[in-house]
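Using the sequences provided together with the hints, build the complete structure.
Keeping their order, the protein sequence lines are chains A and B. What the first sequence shows, in this note's numbering, is residues 37 to 495, in sequence order. What the second sequence shows, in this note's numbering, is residues 3 to 392, in sequence order.
I should point out that these hints are in silico values taken from the structure, not numbers from a laboratory. If you're wondering where the values come from, they're calculated on a predicted model, not measured in any experiment. Possibly wrong hints are sitting among the right ones.
One side of the interface only, derived from the structure: several residues of chain A facing chain B at Cβ under 8 Å [to be verified]: (1) Lys86; (2) Ile89; (3) Asn222; (4) Phe226; (5) Gly379; (6) Lys458.
Backbone N, C-alpha and C fix where the C-beta goes; we use that ideal spot for every residue, glycine too.
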Amino acid sequence: MHAKIFLSEDEMPDKWYNILPDLPRELPPPIDPATREPIKPEALERIFAKELIKQEVSQDRWIKIPEEVREIYSLWRPTPLFRARRLEKMLRTPARIYYKFESISPAGSHKPNTAVAQAYYNLKEGIERLTTETGAGQWGSALAFAGAMLGIDVTVYMVKCSYEQKPFRRVLMQLWNADVVASPSNRTKFGSEVLSKDPDNPGSLGIAISEAIEDAVTHENTKYTLGSVLNHVLIHQTIIGLETKKQFEAVDDYPDLIVGCIGGGSSFSGLFWPFYYDKVSGKAPKDVEFLATESTAAPSVSKGVYMYDHGDTARLTPLLKMHTLGHEFVPPPIHAGGLRYHGMAPTLCLLANEGIVKVKAYNQLEVFDAAAMFANSEGHLPAPEPTHAIKAVIDEAIRCKETKEEKTILFLLCGHGHFDMKAYQDYIEGKLLPYEYPEEEVKKAQERLKELYPWIGEL
Amino acid sequence: MSDKVEEVLRALNAFGVSGLEDFERWKTKRKIGFIVNPIAGMGGSVGLKGTDGKAYKLALKLNAKPVAPIKALNFLNRLKAVKGAIELLTYPREMGENEAKQANLDFKVLGSIGEETTAEDTKRAAKDMLEAGVELIVFVGGDGTARDICEVIGDSLPVLGVPAGVKMHSSVFAVNARAAAEVVIEFVRRALPLELREVMDVDEEAFRENRLSAKLYGFMKVPVKSDLVQSTKVATTEFDNQIEIARYVAELMEPDVVYVIGPGTTTKAIADYMGFEKTLLGVDVVLNGKTIVKDANEKQILSSIKGRKAKVIVTPIGGQGFIFGRGNQQISAEVLKILGKENIIVVSTRKKLAQTGFLRVDVNEEVDSALKGEIEVIVGYGQRVLVEIR
Numbered sequence: 037m038h039a040k041i042f043l044s045e046d047e048m049p050d051k052w053y054n055i056l057p058d059l060p061r062e063l064p065p066p067i068d069p070a071t072r073e074p075i076k077p078e079a080l081e082r083i084f085a086k087e088l089i090k091q092e093v094s095q096d097r098w099i100k101i102p103e104e105v106r107e108i109y110s111l112w113r114p115t116p117l118f119r120a121r122r123l124e125k126m127l128r129t130p131a132r133i134y135y136k137f138e139s140i141s142p143a144g145s146h147k148p149n150t151a152v153a154q155a156y157y158n159l160k161e162g163i164e165r166l167t168t169e170t171g172a173g174q175w176g177s178a179l180a181f182a183g184a185m186l187g188i189d190v191t192v193y194m195v196k197c198s199y200e201q202k203p204f205r206r207v208l209m210q211l212w213n214a215d216v217v218a219s220p221s222n223r224t225k226f227g228s229e230v231l232s233k234d235p236d237n238p239g240s241l242g243i244a245i246s247e248a249i250e251d252a253v254t255h256e257n258t259k260y261t262l263g264s265v266l267n268h269v270l271i272h273q274t275i276i277g278l279e280t281k282k283q284f285e286a287v288d289d290y291p292d293l294i295v296g297c298i299g300g301g302s303s304f305s306g307l308f309w310p311f312y313y314d315k316v317s318g319k320a321p322k323d324v325e326f327l328a329t330e331s332t333a334a335p336s337v338s339k340g341v342y343m344y345d346h347g348d349t350a351r352l353t354p355l356l357k358m359h360t361l362g363h364e365f366v367p368p369p370i371h372a373g374g375l376r377y378h379g380m381a382p383t384l385c386l387l388a389n390e391g392i393v394k395v396k397a398y399n400q401l402e403v404f405d406a407a408a409m410f411a412n413s414e415g416h417l418p419a420p421e422p423t424h425a426i427k428a429v430i431d432e433a434i435r436c437k438e439t440k441e442e443k444t445i446l447f448l449l450c451g452h453g454h455f456d457m458k459a460y461q462d463y464i465e466g467k468l469l470p471y472e473y474p475e476e477e478v479k480k481a482q483e484r485l486k487e488l489y490p491w492i493g494e495l
Numbered sequence: 003m004s005d006k007v008e009e010v011l012r013a014l015n016a017f018g019v020s021g022l023e024d025f026e027r028w029k030t031k032r033k034i035g036f037i038v039n040p041i042a043g044m045g046g047s048v049g050l051k052g053t054d055g056k057a058y059k060l061a062l063k064l065n066a067k068p069v070a071p072i073k074a075l076n077f078l079n080r081l082k083a084v085k086g087a088i089e090l091l092t093y094p095r096e097m098g099e100n101e102a103k104q105a106n107l108d109f110k111v112l113g114s115i116g117e118e119t120t121a122e123d124t125k126r127a128a129k130d131m132l133e134a135g136v137e138l139i140v141f142v143g144g145d146g147t148a149r150d151i152c153e154v155i156g157d158s159l160p161v162l163g164v165p166a167g168v169k170m171h172s173s174v175f176a177v178n179a180r181a182a183a184e185v186v187i188e189f190v191r192r193a194l195p196l197e198l199r200e201v202m203d204v205d206e207e208a209f210r211e212n213r214l215s216a217k218l219y220g221f222m223k224v225p226v227k228s229d230l231v232q233s234t235k236v237a238t239t240e241f242d243n244q245i246e247i248a249r250y251v252a253e254l255m256e257p258d259v260v261y262v263i264g265p266g267t268t269t270k271a272i273a274d275y276m277g278f279e280k281t282l283l284g285v286d287v288v289l290n291g292k293t294i295v296k297d298a299n300e301k302q303i304l305s306s307i308k309g310r311k312a313k314v315i316v317t318p319i320g321g322q323g324f325i326f327g328r329g330n331q332q333i334s335a336e337v338l339k340i341l342g343k344e345n346i347i348v349v350s351t352r353k354k355l356a357q358t359g360f361l362r363v364d365v366n367e368e369v370d371s372a373l374k375g376e377i378e379v380i381v382g383y384g385q386r387v388l389v390e391i392r
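Encoded structure:
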C-alpha cells in the first residue's frame with residue numbers, strides 16, 4: 037500500500053513522443069486571409085532554433101532526448117506518481133485516483149520540461165541569449181532555471197504590474213541570474229514608443245511578447261522562446277505521460293480516465309499523448325477516456341466553435357483553425373491566469389473536435405472548493421490551474437461511489453500554489469466570483485466572424 | 003526592424019500568441035470622438051427635469067449655470083496620462099473644441115455649428131465622427147444626448163457617456179467624469195470588454211407633471227471596466243448609493259417649491275450633486291436650486307414656507323431610524339403640521355435602512371400619531387420602498 041510510485045533515474049524515458057503521425061486527420065494549416073493560401077512557418081525560423089522548427093513540423097513518432105537534457109531532468113525527474121488514498125477515503129469512493137506530480141521541479145511546475153530542452157538546442161546552435169515574456173512569472177522562472185543550469189543568458193520581459201505587485205517570482209528569476217525587465221521598457225524601440233505615449237502604462241502580455249521578439253530579432257545570437265501552444269513544446273512535455281505509463285506498469289494498473297487542465301494545452305498533452313498512442317496503436321489494455329478542463333471564464337474549447345479564427349481585430353493576420361469564442365472575447369480576470377490564454381495547441385483543438393478529447397468547464401469558486409478538499413486530504417497545495425482537473429476528478433469519483441465503479445482515474449498536478457497565496461486568500465475571504473461567459477455573447481462574436489469571412493465555412 | 007517584428011508576430015498570432023494586437027495598437031494614435039452637449043444638466047439645479055426643447059429657455063431664464071463644460075474639462079484633464087496616444091475628433095466651440103483646447107490635448111475639429119446647439123448638431127457630430135473612423139465616441143450629457151447619439155450610431159461603435167445631464171436612466175454612463183477617464187485610458191491600453199447597454203429616456207413633459215414614463219430607445223456598445231460604468235443595477239457602496247439617490251431626488255425637485263432639507267450625509271449628497279450649498283448638520287432651505295437660508299432655525303423655516311408650496315427632505319439617523327425629533331428639531335411640530343405627511347420626502351441608503359428596518363418620530367403626541375403608518379422611502383434611483391413609522 038504505497039502512496040507514491042517511483043522510477044529510478046535509469047528508467048527515465050530517452051525519447052519524447054510526437055503525435056503528428058498518429059493524428060486521425062491532418063492538421064489544418066494556418067491560412068493567410070489575403071490569399072486564402074496556407075502560410076509556411078518560415079517567419080518562425082527567425083526567432084527559434086533550427087532544431088525546434090524541425091521538431092515543430094516533424095513526422096517522426098519518437099524524438100531522442102539528448103543526454104545533456106536528461107542529465108538536467110534528473111535533478112527532479114522522474115517525478116512520482118501518487119495514489120490519492122486519503123482523498124479516496126474522504127470521498128468514500130471505490131475509484132482509484134492517481135496523480136502525476138510535476139510540482140517538484142525547481143520552478144514548481146511542468147514548464148522546465150520544455151525550458152531545459154529549448155535552452156539546450158539553442159546553446160548547441162551557438163545562441164548566447166534567450167528572450168521571453170512572462171505574466172505572473174511561471175514560464176519566466178522555468179526558463180531562468182534552464183538558463184542557469186546550461187549557462188545561457190536569459191532576458192525576461194515581465195508585465196510591469198506583475199513585476200511590481202508580485203515580486204516573488206521575479207526574485208526567483210533574478211536569483212537564477214535572469215535579466216528581468218519590467219515591460220514596457222526602454223530596452224526596445226517598441227517599449228520606448230509605448231512609454232512615450234503612455235508613461236504609466238502597466239504593461240500587458242502582448243507588449244511583453246513584442247518586446248521579447250524585438251530584442252531577439254535585433255540582436256546577434258539571440259533567440260526567442262515560447263512556453264506553450266507550439267508542437268515542439270508539447271513534444272517535450274510527453275516525458276510526463278511516458279513516465280506515468282511505466283509507473284502504472286509497475287503497479288499493474290491502467291487509467292480509465294485521464295484528466296488535466298488546458299490553457300495553451302501543453303501540460304495535458306504531455307500527460308495524455310503517450311496513452312493516446314497506446315489507444316491508436318492497439319496497445320491499450322482498456323478504452324481510456326481523455327478529459328480536458330478549462331475555466332467557465334474562458335471556455336474556448338467547451339463553448340467555442342472549431343473554425344478559422346482571425347488573429348486580431350485589424351483582420352490582417354493568418355487564420356488558424358482552432359476553437360474560438362471570437363476575437364472580440366476578452367476573458368475576465370481570474371486567478372488561474374494560465375487558463376486565460378487565447379491560443380490553444382492546434383492538435384488539442386483537432387482532437388477535441390473529433391470527440392477524442394472531451395472538455396468540461398468549471399467556475400473558479402467550485403475549483404477552489406475542490407482545491408481545499410484536496411489540500412485537506414492529500415496535503416499538497418495545487419496551483420489555481422490544476423484545481424480545475426481536481427474538481428473534475430472529485431465529481432467523477434463521487435459518481436463512481438453511486439455506481440460502485442472501480443474506475444482508475446489519473447490526473448496531472450502540474451504545479452504547486454505556493455506563489456498563488458493571494459488567490460487562496462481571496463478564496464478564504466469569500467472574494468471569488470463564479471464567472472461564467474454568456475453563451476449569447478459567444479454566438480454573437482462568431483456570427484460577426486462569419487460576416488467578415490463568408491468563405492470560412494468552405495475551408 | 004519593425005517589419006521583422008511584425009512578420010514574426012503575425013506568424014505567432016496564427017497560434018493564438020497575442021502580441022500583434024498590442025503591437026498594432028501602439029503604432030498609431032487612437033482616434034476618439036468627443037461630443038459635449040453644452041446645455042445638458044442645466045435644468046437640474048433649477049428644478050427642471052431636463053433641458054430638451056423649450057425647457058432650455060426656461061432654464062436660462064432661471065439663471066441656470068452650465069454643467070457640462072466643467073464635467074467635460076474634468077474628464078479631459080484626466081486623459082492627459084495618455085496624451086501621446088490619442089487624438090480627439092471633436093465639434094466646434096462649446097461642443098468640445100473649447101475644452102480640448104483648454105486641456106491641451108491633440109485634437110481635430112469636424113463640422114460646423116450655429117449660434118445655439120441643438121439635438122441635430124449632436125447627431126451630425128456622431129455621424130461625422132463615425133465616418134472619420136473614430137474607435138470610440140465619448141459624450142458629455144444626459145439621456146437626451148445618449149438618445150441622439152444612439153439614433154445615429156446604434157451598436158456600430160463603442161460609446162461612453164460622461165454624466166452631466168439631469169436625467170440619466172440609461173446605463174451607458176460612467177459613474178462620474180473621473181471614472182469615465184479611467185475607462186478611456188484602459189480602452190487605449192487594451193481591449194476592454196464591450197457590453198450592450200440600454201439607452202433610456204423619460205418624456206420630459208410628462209415628467210414635469212410627475213408622471214414617470216421611462217422608455218427604452220435602443221442599445222449602445224459600451225466599454226466596461228469593473229465598477230466604473232454604472233449599470234441599471236444596484237449601487238455597491240454607500241457613496242454610490244447616495245449619488246444614486248441624489249440623481250433621483252434631483253429629478254423630483256420642482257421649480258417654485260420650497261425645500262426644507264434636513265441634516266446628514268445623504269441629504270448633503272443631494273446638495274453636492276445639484277450644486278447648492280448645504281450644511282452637513284443643519285437644516286437648510288432651498289428654492290429653485292439655490293440655498294435661501296443656510297442653517298435655518300424654526301422661525302426662519304416657518305417664514306420661508308409660509309403661503310408657499312413646500313416640502314421637506316430628511317434622512318433617518320443610522321441605527322435608530324429617527325426621521326424627526328432627533329438632530330433636526332428645527333423642523334418643529336408646527337412646521338410639520340403645515341407641511342403634512344404628503345410633503346415629506348424620506349431618503350436613505352439601503353444599508354442604513356436595513357439597520358433598523360423601520361422609522362421613528364419623536365416630535366409630540368399629535369404629530370407622532372399623525373405620522374404613524376407607512377411612508378415611502380427613496381433608496382435608490384427610481385427605487386422606493388414602503389417603511390413603517392413607529
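Comparing the hints with the structure gives:
1. Lys86: Because about 16 Å separates lysine 86/A from the closest Cβ in chain B, which is outside the 8 Å limit, the hint is violated.
2. Ile89: violated (11 Å)
3. Asn222: violated (14 Å)
4. Phe226: holds (7 Å)
5. Gly379: holds (2 Å)
6. Lys458: violated (17 Å)
In the structure shown, a violation is registered for the earlier hints numbered 1, 2, 3 and 6, in ascending order.
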